[in-house]
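Q: One-letter residues, chain by chain:
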Amino acid sequence: MITAVTDDAALIVTAGGLLTAAVALARTRRASMAVALLLDFLAAAALLRLAVSPPSWPAIGAAAVVIVIRQLASRALAAARAVRHR
Amino acid sequence: MSLAEGFGEHNLEDVVNVLVQVVEAAGALIIFIGAVIAFVRFARAAVRPAGLDPFARLRLNLGRYLVLGLEFQLAADILRTAVAPNFTELAQLAAIAAIRTALNFFLGREIKEETDLVRADQAAGSPVAAASAAASSPAASSPAASPPAASPPAASPPADGRAEGGGSTGPARPPGTAGRPPPPGREP
Chain A
245 MITAVTDDAA LIVTAGGLLT AAVALARTRR ASMAVALLLD FLAAAALLRL AVSPPSWPAI
305 GAAAVVIVIR QLASRALAAA RAVRHR
Chain B
0 MSLAEGFGEH NLEDVVNVLV QVVEAAGALI IFIGAVIAFV RFARAAVRPA GLDPFARLRL
60 NLGRYLVLGL EFQLAADILR TAVAPNFTEL AQLAAIAAIR TALNFFLGRE IKEETDLVRA
120 DQAAGSPVAA ASAAASSPAA SSPAASPPAA SPPAASPPAD GRAEGGGSTG PARPPGTAGR
180 PPPPGREP
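These protein sequence lines map, in sequence, to chains A and B. Oh and the first sequence: position 67 is 311 in my numbering, straight run, nothing missing. Oh and the second sequence: position 69 is 68 in my numbering, straight run, nothing missing.
Since the hints were derived computationally from the structure, they do not count as laboratory data. Possibly wrong hints are sitting among the right ones.
Computed footprint of chain A on chain B; a stretch qualifies when at least three of its residues, placed anywhere within it, have a C-beta under 8 Å from a C-beta of chain A [unchecked claim]:
hint : region
1    : 23-36
2    : 85-96
3    : 99-110
The following residues of chain B were derived to be distant from chain A, with all beta-carbon distances above 12 Å [what the hints assert, rightly or not]:
hint : residue
4    : H9
5    : L11
6    : V14
7    : Q72
8    : Q121
Covered stretches of chain A (in silico footprint by chain B; criterion: 3 or more residues with CB under 8 Å from a CB of chain B, positions within the stretch not fixed) [to be verified]:
hint : region
9    : 251-264
10   : 271-285
11   : 308-317
All C-beta atoms in this analysis are idealised placements derived from N, C-alpha and C, irrespective of residue type, glycine included.
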């Protein structure tokens with residue numbers, strides 16, 4: 245029951261993140277902002293998927309991969325922004 | 000009958016499991032509500048003409064909800080360690096706790112950096128946001144309609160006690176020269 249609810253919630257958050265990133269890209273023409281927004285929503289979805297008991301190793305691995313990608317992209321975007329602000 | 004016999008290990012496990020479910024559901028609910036609020040705010044920011052600043056604020060708000068939800072989920076992880084029966088469950092718990100702790104740390108750092116950036120943009124007048132706002136409203140881009148870029152700093156009175164501007168006889172000083180001494184020709 246809880247697993248189904250969290251899975252649905254994660255799906256909704258993922259869809260919202262995709263929509264948000266697409267509209268942000270269309271409005272601001274800044275891919276960095278759109279990617280940052282998408283990664284934040286995907287991290288939220290991964291955390292929702294982890295909130296089931298007992299968790300599975302694939303879910304743990306997927307969450308870890310999302311967060312590592314999110315961290316790498318965030319660092320890269322921050323570095324690019326710092327270069328642009330100089 | 001001792002307390003340990005009356006309140007057996009299975010009962011304790013049941014109680015802790017219920018607590019874990021409740022705390023973890025609270026964390027998941029906070030994360031979901033944060034994502035929905037961020038989406039609604041984003042929709043409003045996308046409909047209204049605005050600069051880049053609302054999107055940065057939106058990320059900040061979502062990050063704060065994620066951090067709060069993570070705190071609840073970490074609490075549930077700590078509770079779960081009380082009843083983890085085998086090594087596999089303990090390893091999964093350790094992996095999840097490591098992921099959540101790392102994300103919590105990085106999110107906290109990013110929120111601090113993003114907050115500093117937003118404040119710096121606000122202090123600098125946010126040229127990107129101002130350009131975007133000017134482009135979205137043509138009336139605001141005309142010189143007559145635009146507010147003064149920066150008011151001159153408050154002038155301190157001259158050392159000889161005269162009023163600023165030299166009264167009504169001389170021309171007004173250009174902005175930015177308020178603190179300078181008067182030209183030699185105007186000295187008594």
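Q: For each hint given before, does the structure comply? Return the numbers of the non-compliant ones in rising order.
A: 7
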